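Colleague: As a plain string of letters, each chain reads:
Protein chains: 2
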Amino acid sequence: MPTYKAPVDEALFLLNDVFHVEKFQHLPGFADATPDLVEAILTEAGKFCEEVLAPLNLAGDRAGCTRSEDGTVETPPGFKQAYRTFVSGGWNGLAADPDLGGQGLPYTLAAIVNEFASSANMAFAMYPGLSQGALAALVVHGSEEQKKTYAPKLISGEWSGTMNLTESHAGTDLGLLKTKAVPQPDGSYAITGEKIFISAGEHDLAENIIHLVLARIEGAPAGVRGISLFVVPKILIEPDGTLGARNKVSCGAIERKMGIHANATCVMNYDGAKGWLVGEPHRGLAAMFVMMNEARLGVAIQGLAQSEVAYQNAAAYAKERLQGRALSGPASPEKPADPIIVHPDVRRNLLEIRAFDSAARAFVVWAALQSDIAHRSPDKAEAEAAADLLGLLTPVLKGVLTDRGFENTVKAQQVFGGHGYIEEWGMEQFVRDARIAMIYEGANGIQALDLVGRKLAKDGGRAIMALFAELKSYVAAHEADADITPYIAGLKQATSHLEQATMWFMQNAMAKPDNAGAGSYDYMHLLGLVALAYMWARMAEATVARGTGEPAAKARLLTGRFFLDHVLPETGLRLARITAGADTMMALPAELF
Amino acid sequence: MPTYKAPVDEALFLLNDVFHVEKFQHLPGFADATPDLVEAILTEAGKFCEEVLAPLNLAGDRAGCTRSEDGTVETPPGFKQAYRTFVSGGWNGLAADPDLGGQGLPYTLAAIVNEFASSANMAFAMYPGLSQGALAALVVHGSEEQKKTYAPKLISGEWSGTMNLTESHAGTDLGLLKTKAVPQPDGSYAITGEKIFISAGEHDLAENIIHLVLARIEGAPAGVRGISLFVVPKILIEPDGTLGARNKVSCGAIERKMGIHANATCVMNYDGAKGWLVGEPHRGLAAMFVMMNEARLGVAIQGLAQSEVAYQNAAAYAKERLQGRALSGPASPEKPADPIIVHPDVRRNLLEIRAFDSAARAFVVWAALQSDIAHRSPDKAEAEAAADLLGLLTPVLKGVLTDRGFENTVKAQQVFGGHGYIEEWGMEQFVRDARIAMIYEGANGIQALDLVGRKLAKDGGRAIMALFAELKSYVAAHEADADITPYIAGLKQATSHLEQATMWFMQNAMAKPDNAGAGSYDYMHLLGLVALAYMWARMAEATVARGTGEPAAKARLLTGRFFLDHVLPETGLRLARITAGADTMMALPAELF
Chain G
1 MPTYKAPVDE ALFLLNDVFH VEKFQHLPGF ADATPDLVEA ILTEAGKFCE EVLAPLNLAG
61 DRAGCTRSED GTVETPPGFK QAYRTFVSGG WNGLAADPDL GGQGLPYTLA AIVNEFASSA
121 NMAFAMYPGL SQGALAALVV HGSEEQKKTY APKLISGEWS GTMNLTESHA GTDLGLLKTK
181 AVPQPDGSYA ITGEKIFISA GEHDLAENII HLVLARIEGA PAGVRGISLF VVPKILIEPD
241 GTLGARNKVS CGAIERKMGI HANATCVMNY DGAKGWLVGE PHRGLAAMFV MMNEARLGVA
301 IQGLAQSEVA YQNAAAYAKE RLQGRALSGP ASPEKPADPI IVHPDVRRNL LEIRAFDSAA
361 RAFVVWAALQ SDIAHRSPDK AEAEAAADLL GLLTPVLKGV LTDRGFENTV KAQQVFGGHG
421 YIEEWGMEQF VRDARIAMIY EGANGIQALD LVGRKLAKDG GRAIMALFAE LKSYVAAHEA
481 DADITPYIAG LKQATSHLEQ ATMWFMQNAM AKPDNAGAGS YDYMHLLGLV ALAYMWARMA
541 EATVARGTGE PAAKARLLTG RFFLDHVLPE TGLRLARITA GADTMMALPA ELF
Chain W
1001 MPTYKAPVDE ALFLLNDVFH VEKFQHLPGF ADATPDLVEA ILTEAGKFCE EVLAPLNLAG
1061 DRAGCTRSED GTVETPPGFK QAYRTFVSGG WNGLAADPDL GGQGLPYTLA AIVNEFASSA
1121 NMAFAMYPGL SQGALAALVV HGSEEQKKTY APKLISGEWS GTMNLTESHA GTDLGLLKTK
1181 AVPQPDGSYA ITGEKIFISA GEHDLAENII HLVLARIEGA PAGVRGISLF VVPKILIEPD
1241 GTLGARNKVS CGAIERKMGI HANATCVMNY DGAKGWLVGE PHRGLAAMFV MMNEARLGVA
1301 IQGLAQSEVA YQNAAAYAKE RLQGRALSGP ASPEKPADPI IVHPDVRRNL LEIRAFDSAA
1361 RAFVVWAALQ SDIAHRSPDK AEAEAAADLL GLLTPVLKGV LTDRGFENTV KAQQVFGGHG
1421 YIEEWGMEQF VRDARIAMIY EGANGIQALD LVGRKLAKDG GRAIMALFAE LKSYVAAHEA
1481 DADITPYIAG LKQATSHLEQ ATMWFMQNAM AKPDNAGAGS YDYMHLLGLV ALAYMWARMA
1541 EATVARGTGE PAAKARLLTG RFFLDHVLPE TGLRLARITA GADTMMALPA ELF
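Sequences listed follow chains G and W, in order.
Each residue of the first sequence is one higher than the last, beginning at 1 in this note's numbering.
Each residue of the second sequence is one higher than the last, beginning at 1001 in this note's numbering.
No wet-lab data here; the hints were simulated from the structure.
None of these values were measured; they are calculated from a predicted model.
Accuracy of the hints is not assured; some may be wrong.
[What the hints assert, rightly or not] Only pairs whose alpha carbons sit at most 25 Å apart, straight line, appear in this in silico DSS-like list of lysine-lysine:
{"hint": "1", "chain 1": "G", "residue 1": "Lys554", "chain 2": "W", "residue 2": "Lys1512"}
{"hint": "2", "chain 1": "W", "residue 1": "Lys1319", "chain 2": "G", "residue 2": "Lys335"}
{"hint": "3", "chain 1": "W", "residue 1": "Lys1319", "chain 2": "G", "residue 2": "Lys512"}
{"hint": "4", "chain 1": "W", "residue 1": "Lys1319", "chain 2": "G", "residue 2": "Lys178"}
{"hint": "5", "chain 1": "G", "residue 1": "Lys512", "chain 2": "W", "residue 2": "Lys1335"}
{"hint": "6", "chain 1": "W", "residue 1": "Lys1148", "chain 2": "W", "residue 2": "Lys1319"}
{"hint": "7", "chain 1": "W", "residue 1": "Lys1335", "chain 2": "G", "residue 2": "Lys178"}
{"hint": "8", "chain 1": "W", "residue 1": "Lys1178", "chain 2": "G", "residue 2": "Lys335"}
{"hint": "9", "chain 1": "W", "residue 1": "Lys1178", "chain 2": "G", "residue 2": "Lys319"}
{"hint": "10", "chain 1": "G", "residue 1": "Lys319", "chain 2": "G", "residue 2": "Lys492"}
{"hint": "11", "chain 1": "W", "residue 1": "Lys1554", "chain 2": "G", "residue 2": "Lys512"}
{"hint": "12", "chain 1": "G", "residue 1": "Lys472", "chain 2": "G", "residue 2": "Lys492"}
{"hint": "13", "chain 1": "G", "residue 1": "Lys248", "chain 2": "G", "residue 2": "Lys274"}
{"hint": "14", "chain 1": "G", "residue 1": "Lys180", "chain 2": "W", "residue 2": "Lys1335"}
{"hint": "15", "chain 1": "G", "residue 1": "Lys180", "chain 2": "G", "residue 2": "Lys147"}
{"hint": "16", "chain 1": "W", "residue 1": "Lys1512", "chain 2": "G", "residue 2": "Lys335"}
{"hint": "17", "chain 1": "G", "residue 1": "Lys319", "chain 2": "W", "residue 2": "Lys1512"}
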């Protein structure tokens, strides 16, 4: 069975040495997060994930969720107890508003804990994870009464939340959705329709489930401008806050799917269910984006998380498994064969994962900090700059961390040879689980389009210009820093490729938008590589500053050099593909495919 | 449920227009394969695969194989009948020696039929597929009596065959295997040991199963020089050829695995089973390689096959599924949305697969022709040159076609969005099934090492030099051919990258073998890209020669241009990684991973 060890020290290194969280004491919650407290929290979270969640992962995959005739859904053995432990430990409300019962600690901390939980048991972590999106939508767009009714229970974890967007004919294109909302005399709406792919739509972990549902108010305009957001509790809430009658929403089926078997993916039937409008009528999309952006960062973390746990197990296996001899002569002549970690190609697989994991974790922390600043800073300019950067980086994080995260689970599986294909070793589960992250919350092609079609041009390109300024000022400040010369050279080269690609879009995509569409995926990955290179430079800088004597420091610098040598050169290929343009992509008539 | 249409016309184009099989009439069996007969055979094979095998694929995955307490294994519903139809149609012995009951047709034809069957139902196709490896070992290394006893039944399909190599502690490193063979007074051996991962090790399709087993004769030297090959029938054969007593070999368990659920992957227990030596004592590895090379080409075909069937379904879905609008303005204004094939990034996914499938099929046909020439040509020089080329290309085919084939199933799945993750759509099965092809018959890292460590240097580099000569003479002959200028330019550039990489190994890997190991995987893929570019050039040439009016011709040339623009630039990245060398790959001490 696979094992998991939470990378607490690496997280602390990022918080303290790379991003200097102590500089953010002007943000609410950060002053409380003293270094000692942070270390205690991460250590405790790591322990819970290692000891409680990880051991349930393989068995949960095999058992899956079970729906009974009456529409109830049972989670795998052990999940209920683990969920109780999770919420009673206060993990659900770590970063939530203290006025609503949360602990008010930095979201950055919650993001790190989320990585640990998603590594240990992705299907489990999705249950509380979905609640966060629902909570965010209610907090930002809900009425005071809605906030008071739902937020404390979502924060405590007594209730869980869902996001109901997709219909069978309306996935990416929400403008096509048909679920309808009919106004009722009491101010509520009767919601009718069928939603599919609803993660955690029904289960036995929480006493109530709060569905956030996109629907069209009778008579609303067609398309996305006619969509509204509703809150639809599974069990209606009495005026005194206690649970009342069952609402007319039920789970019609759970999907049989490739992975995350322990998370119930539900078809949800709304048969005149009672719901209440959240925010303005016909402005559901804006509210939905609050949930989505929250969720997209969570999905990016899943990509990293599966990559990390797969790496740990592959590295352990490579150090134990004896097959063949080193090319340079026997490394363990006393044994019948050498451990396979002596083979360069095994190391290549492991280092490609490792070089990603370290930098991707830094990328997540960097982005999470922007989220904290954007939401909490009293300084408007600072908050706006952070929101700009986060908006630009969110599709990159989602697309790149899940694509590369998935590829890394495949590489880790490969290290196991035939054993990697067998269920009991658990490596193939990481592959199957990681695969969904490339699809849900906006398939990665949509992330690329969001980046190139929306985020790049937004506010006259303010965000990407600010990013270039940050990268260049970093390069300028460190170009003479002999300790990290190759990192700065690599970052400079990669940034130049990104600039050339951006310029190419400016020159070629105005008149012909397909040129932007054709290069969007490569651009997303190019920007991702630049971000990872930036993270490596900053990690190298911080490592040198702290001292390179420790084994972890040595390992970090050697891994970073591999990134520069073997991973970063990909930026050139991405640029070449972007500048190849749309011609050969669009030429083939649809009927000839 | 996914569907499948065998690409008969594309195969005929390759045979007739690109490779001109009519020029090979000096090879036994080729004169019989008239154009009409070939077309009839491929059409019939396609029909069988489309109508019989494909409909069993999804259900077979879900049902899997079932082992009973007594060790018998039941295949999924419909498999027995389909197997009977398959063998009664003579498909099993298409290319086998007529003296042993085969039809003696070109192996090239069998390879194409194998693609069709593996697309339609990979798990099914493995049952007869495994027999081919066992048959090849017996034909090449078996005694006359062994050939007479086993070959006709393996060719007719009444019996099936297996390859028993792996033990739990000995996968890649066969020198470690422990299964022992004790000589018996009657000239047979008593075989004792446990083999794992035995595909088709036990099932209910054939009346007998002929196991080819690697074992160590008592007192044999340690390592690979002490391994011998044995033939061990499941049911012993009486002197008159009828079936006798049950041999002491049985299936102890079947593995629960990621995919190919409908093929039984068995733990095989040998408890003093009666076996007979095949070939010389202690020379089992040479005999094993006969099976392996046959099997590796078969596995390469699986990579292509899964890519092709995944493509067909994704392309069909992309033409039907309505979501969003084209960037250049509505393409189907009368519909609520445009089919997603209008979106550049959807086309990118599809074209990357399509550009691979066409060229990979050509690559397979090219290699299969070398196999026919190597085995059948009366001209020794011609046979040797073909064997050289086939030996060089086999690891490339296996590694590159399965890596890219798997990646392509992932891309095809992505086109389906959330539906791609749901079992009933069948796309996720292609991903799970394709994944094994990167692992078995030598994990792809081993293929890369075989290529760089063995095949490149063999006979003083004769094979790679001959390949360069062929590529250069092709480029020289067509450089002035205005119709295919970009293809020739692309091939020339890619070949130059391959030459630089080869030269770099010569200069840097002699003194430091890790440099070869570190670059081996990229070199395998670089050579694969060159081969695909060569195939594209030859297909473009043949398309122009035949006339570019037909839709298929137009589609082919447009797809080829996409390959040149968007896929082939990868050679530069591969070269950069190779020349980065082993330093950063080997520097990190094992304990720090």
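Colleague: Holds or violated: are the alpha carbons of lysine 1319(W) and lysine 178(G) at most 25 Å from each other?
Modeller: holds (22 Å)
Colleague: For a C-alpha distance cap of 25 Å, please report whether lysine 1148(W) and lysine 1319(W) respect it.
Modeller: Distance of about 53 Å is beyond 25 Å: violated.
Colleague: Is the straight-line distance between the alpha-carbon of lysine 472(G) and that of lysine 492(G) 25 Å or less?
Modeller: This hinted pair holds, its Cα atoms lying about 8 Å apart.
Colleague: CA of lysine 319(G) to CA of lysine 492(G), is that 25 Å or under?
Modeller: violated (36 Å)
Colleague: Please work out if lysine 1554(W) and lysine 512(G) have their alpha carbons no farther apart than 25 Å.
Modeller: This hinted pair holds, its Cα atoms lying about 24 Å apart.
Colleague: Check the hint pairing lysine 180(G) with lysine 147(G) against an upper bound of 25 Å on the C-alpha distance.
Modeller: holds (24 Å)
Colleague: Holds or violated: lysine 1319(W) with lysine 335(G), Cα cutoff 25 Å?
Modeller: Violated - the C-alpha atoms of lysine 335(G) and lysine 1319(W) are around 58 Å apart, more than 25 Å.
Colleague: Decide if the proposed pair is consistent with the structure: lysine 319(G) and lysine 1512(W), CA atoms, cutoff 25 Å inclusive.
Modeller: holds (22 Å)
Colleague: Checking one constraint from the list: CA of lysine 512(G) to CA of lysine 1335(W), max 25 Å. Satisfied?
Modeller: The given pair, whose Cα atoms are some 23 Å apart, holds under the 25 Å limit.
Colleague: CA of lysine 1178(W) to CA of lysine 335(G), is that 25 Å or under?
Modeller: Measuring from Cα to Cα gives roughly 16 Å; hence the hint holds.
Colleague: When you check the alpha-carbon spacing of lysine 1335(W) and lysine 178(G), does it fall within 25 Å?
Modeller: Measuring from Cα to Cα gives roughly 16 Å; hence the hint holds.
Colleague: Hint check: lysine 1512(W) vs lysine 335(G), CA-CA at most 25 Å. Holds or violated?
Modeller: Distance ~23 Å between lysine 1512(W) and lysine 335(G) Cα, so the pair holds.
Violated hints, in rising order: 2, 6, 10; the structure is consistent with all others.
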